[in-house]
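**Q** Following the hints, position chain F against chain B.
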Amino acid sequence: MKFSLLFFNFVLCCVVCKAQKPIPSRLDPRNYPNGVAMINDSELVTFGSDISAYDTLDTARYMATYDFTYPSNVRLSDPPLTDRMTLEIGNRKTAFYSLDLFKDDSLYTYRWRQSGRAGNFNSNHVRFLVYGDRQSQELEVQQRMPMKSGRVVTIPGEAIPQWTIDTLTCEMLGYRCLRATTHYGGRDWTVWFTLEIPFSVGPWKLWGLPGLVLRAEEVQGMFSFICTSVMVAERPIRRYRWRSGKPIDHNAWLKLEERMHRSPYAMFGQDTQIVNIGDSPGLMDENWEVPYCPLELE
Amino acid sequence: MRRLFSLLFVLSSCVSVASAQITVSGTVRSTGSGRAVESVNVMLLDTGRRIMYGYAITSDKGAYSIPCSAKVDSLVVAVTGFNIAAQSRLIAARTQTVDFSVTFSELRIREVTVKAQPIERHSDTLSYNVASFANVTDRSIGDVLKKMPGIEVAKSGEIKYNGKSINKFYVENMDMLGGRYGIATNNIQAKDIARVEVFENHQPIRALNKLVSSDRAAINLRLKDSAKGTWNGTLQLGAGYKPWMWNAEAAAMYFGRKFQTLDTYKTNNSGDDVGRELQSFFDGSDAAASLLGVHKPTQPALEKERYLDNQVHSVSANAIVKLKKELELTTNASYLHDLQNSRGGSVTTYFLPDAPPLVVTEQTLAAHRIDRTEVDFLLRSNTDKRYLLEKITFEGEWNRDCGRVLSDDEQVDQRFRLPRITLRNRFSAIRRIGKTSLSFSSDTDFGSQPSSLRVTPMLYPEVFDSPIGYPDALQRLDSRRFRTRNSAYTSYTVRRWSFFLSAGFNAQLERMDSELSPMNADWRTLPAADSMRNDIRWRKLDVLVGPSVTYRVGDKFSATLSVPLDFMSLRAEDKIRETVVRSNRLFAAPSFSLQATVTYNLKFSARASYNELVGGLYDTYGGYIMTDYRMIASRQGDVSRNRRQNYTASLSYGNAIRALFGSVDVSYYRSRRNLMYGTTYEGSLSRIEAVAMDNRSEGYNLAAKVSKRFDGIATTVNLSGGFSQSWNEVLRQGELLLTRYDRATAGLSFNTRFTQAVRFDYGGEYSRSESRAGSEKLRPIDMLRQHAALDFIIRKKFICRIGGEHFYNAAIGGRDRNMFFLDASLSYKSKRVEYMLEGRNLLDTGTFRSISQSDITDYVYSYKLRPASVMFKIKFSLK
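For the record, the sequence lines run as chains B and F. Heads up: the first sequence runs through residues 1 to 298, numbered per this note's numbering. Heads up: the second sequence runs through residues 1001 to 1879, numbered per this note's numbering.
For reference, chain B alone in the conformation it holds in the complex (with noise of 0.2 Å):
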C-alpha cells in the first residue's frame, strides 16, 4: 500500500514537472507591461481610460449627434463601420468625440474605481477627440493612442476649411439645408448646412460655415457624418486629464498615423501581447499591418 502510494506521488510528481514546462518569453503575458490586446483580424484597439479626473471648459447649451462612417480598419472589403458621434456646443468651446468610446471609458472607469482592476477592455472606435474655441475658430485635435490607457497626441492649431456655398438646397430633420463644398485634408468634402441653426460649428473639423453642419460625405463616399439629433442641453464639457506628450503638428501626426498602420508591431508589439481573436487566430508578429485608409491624406 505504501508502495503504491509512494509510486502514485512519483507520477504525480512528473506530470506536475512536465506541465510547469518554462513558457517562451514571448508567449508569456507577464513580459508585456501593458498586458494583453485581443484583436480581430487586424485592428488598433483602444484601451478603456479613466475618465474621472477632466477639467471643465464650458458648459455644452446644445448638443448634436452624428453617425460617423468610415472604412473597416479589419479588412478594407467589409462593410464599413459607423460610430456614434456627439457635438457638444457651449457658449464659447466646444467638444465632438465618439459617443460609444465615451460609454467604454465609462464602464472602465467604474470597474477600475470598483475594484481597482477594469480587466481586459478595449474596444476598436473612433480615437479623435476636437475641442473648438467658438470665438477665435481654432481647434485642438487629441488623437487617443491605441492600446495604450490614458495617452493622447494632442494637434493643437488646426486649419479650418475654405468653403465654396453653393444654390441647392434639401430638408433634413425638418431644417431647411444649404449645400457648400470644400477641399480639405486631401480628400473632397460635400456638406448641407442649416442657417436655421447659426453656429459656425460642425462635426470634426468641417467649421466656418454660418450654420450647423447636419450633413457630410466624403465625395467617394468612404465617411459621412450624418446628423441623427439636435437637442437642448446643459452639462460640463470635459477635457480629460489624459498623458499627453509634447504637441505636435498636423504633418507630424499624420506621419505618426501612417505609422502605426504600416509597422503596428513595431509600435506596440514591445508593451502588448496582442493576440488575433478573429478568422487567423494567434499572435501578432512584425508582419501585422493594418488597412490604412486615413480620413486626412494631408
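It cannot be assumed that every hint is accurate.
Among chain F residues calculated to face chain B with C-beta under 7 Å, some are [what the hints assert, rightly or not]:
id, residue
1, Glu1038
2, Thr1080
3, Glu1111
Calculated directly from the structure, the hints in this document are not laboratory data. We put the CB at the ideal spot given by N, CA and C, even for glycine.
**A** Relative to chain B, chain F alone:
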C-alpha cells in the same frame, strides 16, 4: 476724336471691372453697451433669401467684410448668431459699409431625433432602413422591397435595381439561394430585417475586383440581432370555398454566422403559384426547350391567383455552411408537383398576301402535370487573391400533359410526355498574384429528353396518306446532348491598363431521332415515311482565342475593348437522307464597353458589340416534325447564321439624400440572317419551312424610369415610360413582307399614407401597340391596366383591405372592353398569430378576354377565370 473714344472706352472698362466685384463691410455691435460682438454670421443673400453670395464671421472687434461678384442690383445683408436676434437689411449692390446693432435673444431650436435615415449611401453601397418603409400590412421582405425607391420586384419575384436585374442576393453577406432568391423574398418576414443594402456595380468574384467591371447591382439583407443565430419559422393553414380549397405553408429558417438554412413546404389549390419561387433568375441550365407540346390556352395578363386552377405541392431545402475561413458549402434541393388545368378559346386571324384572311377558331382545354426536382451542391472559396467554385447540378422533370381542342366542330385530343434529365458540372478557378491573374473555367452538361406527342385524330390525313384504321398520329422525339465549354485567361495590369489574353474550347455533341407515324386506337403505329423521320448527329467545335484590354481610372471610369476570334467546325449528318453538312468558319465577335461615374450619384454605361450566331440542331432538320396538332415544320437547308450588331447605353441616377432614383436606357440592334422560315397555311394546318434568303431586322428601344420617396408623407412614387420600334421581314405564302411593330408605354405607381390608419396603393400602365405589314396598317391596340388597394389599419392589429383591378382594351367591342375585379380581406394580428379572411374576385368575373397582334397575325383570346371565393387562413409565427 479717336483719342477721346479710346479714353472713354478705357474708362468704361475700368468702371465695368470695378462694378464686377463689390465689398460690403461694417461692424456688429451690441445695442445697449455698444460693445463689439464677435463670432456673428453676416451673410449676403439674394432678395428672395435663397441664394447666398458670400458670408463672414465677425472678428473680435465685431468687424466683417464680404466681397461679392453677383450681378444683381440689390442684396440682403443678414446677421445671425448664437443667442442673437436675427436681423436683415435690404441694400443696393455697391461697395458700402453696413453696421448692425444687435440685441441678445435666446435661441430656440426645434429638438429633433431620428433613429435612422431612410436611405444612406456609402460609396457604392446604398442602405435602406426597413423600418422607414415597412408597416403592419407587410408580411414578407418582398412586400417592403416593392416600396423602396429604385428597387422593383416583378411578379415572378425577380428583383431589379434601377431597371437592371440584380446579379446576387445575399442574406448577411452569404449567398445561400443563388438565383432562387424568390424563396427568401417570399418567406423571410419583414420584421426580421433591419436594413436592405444595395451594392452598385457589384463584382461577386472578389479576385476580379478592380479588374473586371460589372454594371449590375446585388442585394444584401441585414438581419436584426434578434433574428440572428436563432431558429425562426412560420406555419400557415387555410381553407376556403368555391371550389373547396386548401392553402398551407410551413417555413423554417436559421441565420447564423457560419450556418444558414431556409426550408419550406407549400401546398394549395387556391391558385397561388408557389412553384414560381423555385425558379432561378440567373445561372439557368440552358436545357433545350422541347419542340413538342399540347395546344394550351394563352395565359391572361393577370395575377395568376385570378385564373390558375392548380393542385401544387412544393418542397425546398437550402443550406450554406462555412467550412472554414472563406470556404462555403451550399446545398439546394427542391421538388415540385403541380397539376394545372386551363380552359379558353381563341380566334386567330392570319392576314395573307393577295388572299382573304385565314381565321382559325379554337376552344381549348389543357391539363399540365409537372413533377420536377433539382439538387445542387456548390463549394466556393472567394477571397481577394483566389476564387474557386465547384458546382454539381442534377435536374429531373417528368411532365405529362393532356389537351383537347374543339375546332370547326372537330375534336382533337393530345397527350404529351416529357421526361427530361440533366446533369451539369461547373468549375471555376481564379488566382491573382500581384499584377497578374490566371483563370480557368469549365462548364459541362449532359441532357436527355425522350418526348412523345399523340394526336387523336390527326386532322390532316394528307400529311401521311395513311391507310384506313390509323386515324391518329404519334410524334416521337428523342434528344441527347453533351456540351462542354472551357476557357482560360491570363491578365497583366500596368498602372491603369489591364491586358487579357484568353483561350477557349467548346464542344457540343447532340443526337436527335424523331418519327411521325400514323397510329390506331390500340397504340399500334405504322412505319413512318422517310419524309417524317429524322436521325441527326450534330457536332460543333469552337476554338476561341482573344485579346482584350481595359483602361481604368480608379472606380470612376473603365473602358474595355475585346476582340475574340472563334474558329468553328460544324458537322451535321442526316442519317435518313444520307447527307452531311460541314461548315468551317472563322469569325470575330468584337465588343467595346465603358462605364463611368459621372458624379457621385450619376453613372453611365455603354456597350457596342457584334457577333455571329450559328443555328443549332433544331434549325436544321429535313424530316417533318409535328410540334403542335396543327403545325408541322421542316427546316432543311443551310446552317442558319445570324450576324447581329447591338448598341446599348444606360444612364443611372441614385441620390440617397433626396431619395431620388432614375434611369434612362437606349438600345439599338440590327441583324442579318441567311435563312427565313416561311409559313404556308393549308386550311388551318401551318407548314414551316426554311428558305435560303438573306433578310434583315432592326429595332430600337427607349425606356426611362423615375422613382422618388417623400418621407414626410411616407410615399413612394414611380414613373416609367418607353417606346420601341422594330422592322422585320417575314415570309407568308411564299411572299416576302416587310413588317413594322411599334409600342409605347407609360406607367405610374405610388404607395402612400393618408393617415396613420389609412394607406393607399395604386399602379397603372397604359400601352399602345401598332403593326404594319407591307402597306397595310392594322388598327392600333390601346390597353390600360390599373390596380388600387386601400388599407384601413385599426390599432395596428386589425387590417381591412379593399382592392380592385381594371382592364381596358380598346380593340375589344362590347362589355368586355372594360373588366373589373374586386377583392377584400380582413386580418387580425397578435404577436404570434395572424387570422385572415380573404375574398377574391367578388364581382365573379368569369372570363378574361383580350386581343394581341404579332407581325401579321391578330389574336383574340379568352380564358376561364376562378370564380368568386372566400378563404380563411391562420398563420403562426415562432417569434
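**Q** So, for every hint listed, does it hold in this structure?
**A** Hints and how they fare:
A distance limit of 7 Å between C-beta atoms decides the matter here; for Glu1038/F the minimum to chain B is near 6 Å, and the interface restraint holds. Hint status for Thr1080/F: holds, given a least beta-carbon distance of 4 Å to chain B, under 7 Å. Because the closest C-beta pair between Glu1111/F and chain B is about 4 Å apart, less than 7 Å, the hint holds.
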